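Engineer: Going down the list, the protein sequences come from chains G and H. Counting in my numbering, the first sequence runs from -15 upward without gaps. Counting in my numbering, the second sequence runs from -15 upward without gaps.
What the hints contain is simulated information worked out from the structure, not anything from laboratory work. In this text the structure is predicted, and so the values were computed from the model without any measurement. The reader is advised that the hints may include incorrect statements.
It does not matter which identical chain is used: a pair holds within one copy or between any two.
Unchecked claim - List of simulated lysine to aspartate or glutamate pairs, EDC-like, C-alpha gap at most 16 angstroms:
no.: 1; residue 1: K83; residue 2: E(-4)
no.: 2; residue 1: K83; residue 2: D52
no.: 3; residue 1: K85; residue 2: D66
no.: 4; residue 1: K85; residue 2: E29
no.: 5; residue 1: K18; residue 2: D66
no.: 6; residue 1: K18; residue 2: D0
no.: 7; residue 1: K20; residue 2: D7
no.: 8; residue 1: K20; residue 2: E(-7)
no.: 9; residue 1: K83; residue 2: E19
no.: 10; residue 1: K18; residue 2: E71
no.: 11; residue 1: K83; residue 2: D0
no.: 12; residue 1: K20; residue 2: E67
no.: 13; residue 1: K83; residue 2: D66
no.: 14; residue 1: K20; residue 2: D56
no.: 15; residue 1: K83; residue 2: E(-7)
no.: 16; residue 1: K18; residue 2: D52
Okay, here's what each chain looks like letter by letter:
2 protein chains.
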Amino acid sequence: MITPSLTQEITELHADICSALADPTRILILYALKEKPSNVSSLAEVLGISQSAASRHLNLLRERGIVDSRRDGQSVINYLTDERIIEALDLLRAVLTSKLKSRAALVEAEPKSGQ
Amino acid sequence: MITPSLTQEITELHADICSALADPTRILILYALKEKPSNVSSLAEVLGISQSAASRHLNLLRERGIVDSRRDGQSVINYLTDERIIEALDLLRAVLTSKLKSRAALVEAEPKSGQ
DNA sequence: TCCTTGTATGCATATATGCGCATACCTTTA
DNA sequence: TAAAGGTATGCGCATATATGCATACAAGGA
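Based on the sequences and whatever the hints tell you, model everything.
Structural biologist: As structure tokens, this is what we get:
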């Protein structure tokens, strides 16, 4: 029973995942967690952001199911739930790189100030 | 010469691409364009959105370099610039599907109203 | 040149997002 | 149980985003 509204609901969830990636700080957080699961405050320190900002970003990522956490003593360790998120980010970064490169090539070829 | 601020700038561009995907309507637009490049108003009609909304979404996608357009008579044909965007979307949708499935499995196993 | 079709945009508005600050909350340990 | 480390959150604010409506623009045909 696939209704149009069901499709739309899934598309909204799809967009929710994308919007979780739509912030520079969260992107940095995700790559950092890929390297090393860690707790809120050390993450905040590493990335040079406030503790509250880190907490909120992680909370959002948890709500979206992209990050999960387990208690370890007095701190809470956060980790990625699915490496495919990183794969997707890498793909998108590759797209970005291609664009930057071709733009650079244009500048090379056309010295008369592009646009 | 890789400065921290350069890294940050790239991360911001990375996030810009992600945020282009962070809207249900735009996701539908991208999948529709993958199937068939098309002009603003037919896209609007197919997706059941207003012409102005379609125009603005396409404009944003163009600014981000995800969509490009060429004039064809009186209409403007829009098309994807890079199929990897779709790959990334598919990856993220797969992540979503996994989560929905495992959540469903939990409901199966645990009939005492989850959470 | 005027009209039609197709597209972009200014305006107003409702909503969402990110952040710092201060503070409340939860665990563990002394 | 009190103190300390670590985490979450209410509040206020500045900013960004999405949308409809009406309208300005652009290109092709009569």
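Engineer: With reference to the structure, classify each hint as holding or not holding.
Structural biologist: Hints, verified against the model:
1. K83 / E(-4): between (28 angstroms within a copy, 15 angstroms between copies)
2. K83 / D52: between (33 angstroms within a copy, 12 angstroms between copies)
3. K85 / D66: between (30 angstroms within a copy, 14 angstroms between copies)
4. K85 / E29: neither (33 angstroms within a copy, 36 angstroms between copies)
5. K18 / D66: within (10 angstroms within a copy, 26 angstroms between copies)
6. K18 / D0: neither (20 angstroms within a copy, 21 angstroms between copies)
7. K20 / D7: Neither: 20 angstroms inside a copy, 30 angstroms across copies.
8. K20 / E(-7): neither (33 angstroms within a copy, 23 angstroms between copies)
9. K83 / E19: So K83 and E19 fail the 16 angstroms test inside a copy (27 angstroms) and across (22 angstroms) alike.
10. K18 / E71: This pair counts as within: shortest intra-copy Cα distance 11 angstroms, inter-copy 21 angstroms.
11. K83 / D0: between (25 angstroms within a copy, 13 angstroms between copies)
12. K20 / E67: Classified as within: same-chain Cα gap 13 angstroms, cross-chain 31 angstroms, threshold 16 angstroms.
13. K83 / D66: between (27 angstroms within a copy, 10 angstroms between copies)
14. K20 / D56: Only inside one copy: K20 and D56 sit 15 angstroms apart there, 51 angstroms across copies, limit 16 angstroms.
15. K83 / E(-7): between (32 angstroms within a copy, 15 angstroms between copies)
16. K18 / D52: Intra 12 angstroms, inter 33 angstroms, cutoff 16 angstroms: intra-copy only.
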